Amino acid sequence: MDKIKITAPLSDDIILKLKTGDEVLISGTIYTARDQAHFRLVKLIEDNKSLPFNLQGQIIYYVGPTPEKPGEVIGSAGPTTSYRMDKYAPILIKNGLKGMIGKGKRSAEVKEAIKKYKAVYFGAIGGAGALISKTIKSSMVIAYDDLLSEAVRRLTVEDFPAIVVNDVYGGDLYEEGRQKYENKYNK
Amino acid sequence: MRVIASEEISNAVKNLIINSSVNLPEDTYKSLKQAFEKEISGSGKTVLSQILLNAEVAKTELKPLCQDTGLAVFFVEVGKDVAVGGKNLTDAINDGTRTGYAEGFLRKSTCDPLSRKNIGDNTPAIIHYEFTDGDKIKIMYAAKGGGSENMSRLKMMRPSDGKDGVIDFVVETMREAGPNPCPPNIVGVGIGGNFERSAIIAKKALFRKLGVKNGNPELAEMESIIFEKANNIGTGPMGFGGICTALGVHIIKEPCHIASFPVAVNIECHSHRHSEITI
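Chains as they are written, first to last, in the working numbering: chain S, 1 to 187; chain P, 1001 to 1279.
Source of the hints: derived by calculation from the structure; they are not laboratory data. Some hints here could point you the wrong way.
Distance condition first, Cα-Cα at most 27 Å in a straight line; then the derived DSS-like pairs of lysine-lysine [said to hold, decoys possible]:
| id | chain 1 | residue 1 | chain 2 | residue 2 |
| --- | --- | --- | --- | --- |
| 1 | S | 184 | P | 1038 |
| 2 | P | 1204 | S | 69 |
| 3 | S | 17 | P | 1045 |
| 4 | P | 1080 | P | 1059 |
| 5 | S | 137 | P | 1108 |
| 6 | S | 17 | S | 3 |
| 7 | S | 17 | S | 184 |
| 8 | P | 1045 | S | 19 |
| 9 | S | 3 | P | 1038 |
| 10 | P | 1108 | S | 184 |
| 11 | P | 1117 | S | 43 |
| 12 | S | 134 | P | 1155 |
| 13 | S | 87 | P | 1108 |
| 14 | S | 180 | P | 1059 |
| 15 | S | 69 | P | 1014 |
| 16 | P | 1155 | P | 1108 |
| 17 | S | 19 | S | 134 |
| 18 | S | 49 | P | 1014 |
It should be emphasised that the depicted structure is a prediction, and the values quoted were computed from it without experimental measurement.
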């Protein structure tokens, strides 16, 4: 299957075209955030304060890279498990977030928010952090540097490989993929 | 009594950690390659080919295989005729962990469980000791990531649940875990002991090389039943669907209380980084 090239930040037009199982190559600007950064971002929203970056149309990549060596753009940078962000994701989606990159299952609330506010959840390959880092062309910590690897970074990516897991139409690759290959293993 | 300087141990630990972070062990690589050949799902095959390519990139560019360079877990066998000079063995291992994670540019992932504040140097290491004969110290290290550890389970089963109960519990744990622990996984199972021993032997079971058969025929049979059932779940590589969900199932059993039947399942990700050194 041909890979679909998309550019971040995302527009609704692009999101509506993406279907569960589509392989995409993402270029443009994306942001990183994990557990503690999500906690802080949501706190800012609840307190009606401004965020360290404009959420509108953005993609957040769930990653905590290894420290970069001298001369490197970024260290190893694969996805972390997404469900830990499920508590916060619907609030961010409601406030303009359009895409999330991670790995693993999402909650019913996140999937509902994806449908309601037109967003998309991409899966990247966990444990392929060395390979994925090659698609990251620039990286800058823009907030929460006290969180070390969990700081919020602005990344420029070029052909970052991912696959659509949850689309606006309610599709879920983890359910569909599993059902397709259930009981297909032959000794 | 042979005496080993604590600095020698710290240095060996540092090197184990740095080498493990970029070099996928041969048994893991071989097993992933076999999975790639066996996998029938298109996206599963793509994922496995990327994982194999990632191993090449990590090795040649000395870049960590995975950004989760783990908590540092050690199983250490200490001979009765050897002593450590200078610092005590635990401090020596923690020193090596500290310098290994710093000099290897590895991620520091230990934090306070409540405030979530990062400790900053990836200590303390998790260390399990055993005392043996001889005058050597054997140090086995694993970089254990959080994603797979989080999907692990422990159950105090009833003795009447029997072997079938264990098999069902392990397979259910794998089904529930789905895509989260970065499949294809290695499944460590600890049967018996008590509450904490079952978990420790489940972890220890992960250290057996992939492809090496269990020496106990009864456990070997259980392993093969669980392996087949796990690969029939359909989860596949990274959960996108497929027939390679488990790379191996490794069981260790120990005697337990007549009233108890503890079973622990420790799931390990495909980036199965383990290595050892004997000093």
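Going through the hints against the structure:
{"no.": "1", "hint": "S:184 x P:1038", "in the structure": "holds (12 Å)"}
{"no.": "2", "hint": "P:1204 x S:69", "in the structure": "violated (33 Å)"}
{"no.": "3", "hint": "S:17 x P:1045", "in the structure": "holds (25 Å)"}
{"no.": "4", "hint": "P:1080 x P:1059", "in the structure": "violated (37 Å)"}
{"no.": "5", "hint": "S:137 x P:1108", "in the structure": "holds (23 Å)"}
{"no.": "6", "hint": "S:17 x S:3", "in the structure": "holds (13 Å)"}
{"no.": "7", "hint": "S:17 x S:184", "in the structure": "violated (31 Å)"}
{"no.": "8", "hint": "P:1045 x S:19", "in the structure": "holds (20 Å)"}
{"no.": "9", "hint": "S:3 x P:1038", "in the structure": "holds (24 Å)"}
{"no.": "10", "hint": "P:1108 x S:184", "in the structure": "violated (40 Å)"}
{"no.": "11", "hint": "P:1117 x S:43", "in the structure": "holds (18 Å)"}
{"no.": "12", "hint": "S:134 x P:1155", "in the structure": "violated (42 Å)"}
{"no.": "13", "hint": "S:87 x P:1108", "in the structure": "holds (25 Å)"}
{"no.": "14", "hint": "S:180 x P:1059", "in the structure": "violated (35 Å)"}
{"no.": "15", "hint": "S:69 x P:1014", "in the structure": "holds (17 Å)"}
{"no.": "16", "hint": "P:1155 x P:1108", "in the structure": "violated (30 Å)"}
{"no.": "17", "hint": "S:19 x S:134", "in the structure": "holds (26 Å)"}
{"no.": "18", "hint": "S:49 x P:1014", "in the structure": "violated (45 Å)"}
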